[in-house]
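The lines below spell out each chain.
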Amino acid sequence: MEAFHSIALGLSVALQPINLFFCFVGVFVGTLIGVLPGIGPVGTMSLLLPVTFHLSPVGAIIMLAGIYYGAQYGGSTTSILVNIPGEASSIVTCLDGYQMARNGRAGPALGMAALGSFLGGSVAIVGLTLLSVPLAEAALSFGPPEYFSLMCVSLVVLTFLSQGSMYKSLMMGVLGLLLSFVGLDMFTSVPRFTFGVNELSDGVGLIPLVMGLFGVAEILVNLETSMKREIYATRLGEILPTARDWIAAKWAIARGTLIGFFLGILPGGGAVLSSFVSYAVERRLSRHPERFGSGVIEGVAGPETANNAAAQSSFIPLLALGIPPNVVMAVLFGGLLIHGIQPGPLVMQQRPDLFWGVVMSMFVGNAMLLALNLPLIGMWVRLLRVPYDVLFPLILLFCAVGVYSVNNSRTDVYLMVLFGLVGYLMQKLGYEPAPLALAYVLGPILETALRQSLALSGGSLAIFVTRPISAASMLLVLVLLSVQIFSHRRSPRKETT
Amino acid sequence: MSERAANVATSAVLVTLAAGTCVGSWRLGLGDVHTPGPGFMPFAAAALLGAMALVQLVRQAASPGAGDPPSRPREARRRGTVVIVLATLLGFGAAIGSLGFTISSFGMLLVLFGVVARKPWWVTLAAALSIAVVARLVFRALGVELPGGPLGL
Chain W
3 MEAFHSIALG LSVALQPINL FFCFVGVFVG TLIGVLPGIG PVGTMSLLLP VTFHLSPVGA
63 IIMLAGIYYG AQYGGSTTSI LVNIPGEASS IVTCLDGYQM ARNGRAGPAL GMAALGSFLG
123 GSVAIVGLTL LSVPLAEAAL SFGPPEYFSL MCVSLVVLTF LSQGSMYKSL MMGVLGLLLS
183 FVGLDMFTSV PRFTFGVNEL SDGVGLIPLV MGLFGVAEIL VNLETSMKRE IYATRLGEIL
243 PTARDWIAAK WAIARGTLIG FFLGILPGGG AVLSSFVSYA VERRLSRHPE RFGSGVIEGV
303 AGPETANNAA AQSSFIPLLA LGIPPNVVMA VLFGGLLIHG IQPGPLVMQQ RPDLFWGVVM
363 SMFVGNAMLL ALNLPLIGMW VRLLRVPYDV LFPLILLFCA VGVYSVNNSR TDVYLMVLFG
423 LVGYLMQKLG YEPAPLALAY VLGPILETAL RQSLALSGGS LAIFVTRPIS AASMLLVLVL
483 LSVQIFSHRR SPRKETT
Chain U
48 MSERAANVAT SAVLVTLAAG TCVGSWRLGL GDVHTPGPGF MPFAAAALLG AMALVQLVRQ
108 AASPGAGDPP SRPREARRRG TVVIVLATLL GFGAAIGSLG FTISSFGMLL VLFGVVARKP
168 WWVTLAAALS IAVVARLVFR ALGVELPGGP LGL
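One line per chain: the protein sequences are W and U, in this order. Numbered per our numbering, the first sequence spans residues 3 to 499. Numbered per our numbering, the second sequence spans residues 48 to 200.
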């Protein structure tokens, strides 16, 4: 009965005209940046954070969330029509989606991507609704040791699931932790590594960091590659998949939903990993794996369903535990803090309107996305014809203004430039920026939890192994690290390069 | 620069950074396990980073290199583009407080369209001017406060 009451509350919030407007803006902007290669949801959300200062917290979070899951829809369009993934989570969609377009079946590929995303996203929202409440109730009994251990698990799993070298990811995670320690010490108010710069007293800002690492760096890399676009035309009447397509894709959609939902919850999982795993699973289970890459609809349906399911389920650890599982959620974490809301299990009790309003807005947003992506596909295709050398100055201008306007600080712009250079070099040298950014967000929580735990135990580290949840988490950390070290020893050259 | 040389250089930078952070953390005060000081966590993290980077440095230095690939004019031009974009952003950051949003963004767009994107001068001028003005109006409508500079723009 309480669940129905919560859902009714959420719907009453999500269906308010102003929140419907913010939801529409979010999914529209999300689709737009998904379609346009060169700027992702992380950069866009960071860019729009200052704009949300003037909005209600509910409207702001509804809009920012819409950008994230909207980008998953839009990302498939460029993968299928241009063979350039609009988002990292749509990279595998290029393999079969683009081939389908070359075979004259761009319409069904786009349609299946949108419908699969809708189905996967909707099921994941149901899972989010059902799982968040018990998880948040369990989290209320967590103390600092449990939070410290969970953070350790998050950091290790993050590097474990990284796309590139685990060793390099782990190093970037530790570097992110180091950056998070810049600023006044929370317990003693002693300035740490501020070098006399007043603006650094509050630490390195999250927005300059992510805008530099993910916005500016991405543009610098894109400027080095020629982005020739050959767009395959499709008639709008051919958008809907045929009955044969549905029969071929039904299990790919079902599996994609499950894979996306569970990988979305894991730290470091999210939309990108789930799309890759889904594609690999479909190929392995197929009776004709050799046909993958030549334009099979399962190769589009599975990954596109999975990435959207993951985008929705990654809200679970953020909203129920207060732990962002990926960089996008870290930006949302920052957004909630800016609005005076501490993400975690208490949100559900203290701000049920926000929690349930955001969750229910995702249903509304998914329906909007279906309408935006099927009948309006022609509009997005026309947008693809805008040359990149017209787009990038605009994106850079918005990055610079977005960073500056947070604190009206030129130091933040300089920091963005610095992290832009760092991010560019990291991409060139095979280091992933995601572990750095996520560890940066988790760092202060990790340090607070550690110091509070030690204060509770009188300085005994045994507190982390005598409490069941903490002990289990630490055991998991040990197992994961052992696996990592073992695989590192077996293939040392691969890991270090 | 070869991949091996790049990895060696990166590892060396990380080792130096970690060593510097360890020294800085020590000066801040490590405290003890009962009451960790402000330098405790940075020291632990820097020590871990330093150790990992050192292992990578030794491995890379010991591995046989493939030799440096010859430098190409196109790569030099690409690096030039990166430097110009970053310098333009720095210039924007330095100018916005004193010149205001519209003038500094106009200047930034002039460089990006004209020098980096290599658009004709009249396209550059028209695009930079119109985007700077429209962006000003949009940000004002969104309630984002930006400096106006001496001309109030």
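These are computed hints drawn from the structure, not numbers from a lab. Predicted model, so just to flag it, every value in this text is computed and none were measured. Backbone N, C-alpha and C fix where the C-beta goes; we use that ideal spot for every residue, glycine too. Any given hint could be a false lead.
To be verified - Derived EDC-like pairs (lysine to aspartate or glutamate); straight-line CA-CA distance at most 20 Å: (1) U:Lys166 - W:Glu4; (2) W:Lys430 - U:Asp79; (3) W:Lys430 - W:Glu226; (4) U:Lys166 - W:Asp391.
What the hints assert, rightly or not - Selected chain W positions facing chain U (in silico; Cβ < 7 Å): (5) Met173; (6) Val176; (7) Thr190; (8) Arg453; (9) Gly461.
Which numbered hints fail:
1 and 2
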